[in-house]
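Please build the complete structure, drawing on both the sequences and the hints.
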Amino acid sequence: MVFEPSPYQDRRTWKMTPAMLRARRPYFKQNMLGLCLLLGLSGGIYTYTYKILHKDDDFADVPIPPVDEKELKELKREYALEKARRAAEGSSS
617 MVFEPSPYQD RRTWKMTPAM LRARRPYFKQ NMLGLCLLLG LSGGIYTYTY
667 KILHKDDDFA DVPIPPVDEK ELKELKREYA LEKARRAAEG SSS
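First residue of the sequence shown? That's 617 in the numbering used here, and the numbers climb one at a time after it.
Each hint should be verified, as a subset may be incorrect.
Restricting the straight-line Cα-Cα distance to at most 25 angstroms, the calculated cross-link-like pairs of lysine-lysine (DSS-like) are [to be verified]: (1) Lys631 with Lys645; (2) Lys686 with Lys671; (3) Lys689 with Lys699.
Don't read these hints as lab results, they were simulated from the structure.
What follows is the structure, given as structure tokens:
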């Protein structure tokens, strides 16, 4: 597929001709204003969303129920066994 040369482009350099530049000049300010508005809106939405999602939420207000010493030892033992099992599976692969 060969592109047909446009009468508004220089056939050797493919740059816009002076006529095309003159035709586009009245719309440049409106286009830049629209670009700034769209970039500002999307940037504002992105920033707002980022700040909302990354609030400092350390769950300090959530009460942690007390854990019995016997139950804690059992959980630590289960964790150690699971860790050893995964290490054994990882080394055999």
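Hint-by-hint comparison with the structure:
Of the supplied pair hints, the one linking lysine 631 and lysine 645 holds, its CA atoms being roughly 21 angstroms apart against a limit of 25 angstroms. Under the criterion of a C-alpha separation no larger than 25 angstroms, the hint pairing lysine 686 with lysine 671 is inconsistent with the structure, at around 36 angstroms. Among the hinted pairs, lysine 689 with lysine 699 is consistent with the structure: their alpha-carbon atoms are about 15 angstroms apart, no more than 25 angstroms.
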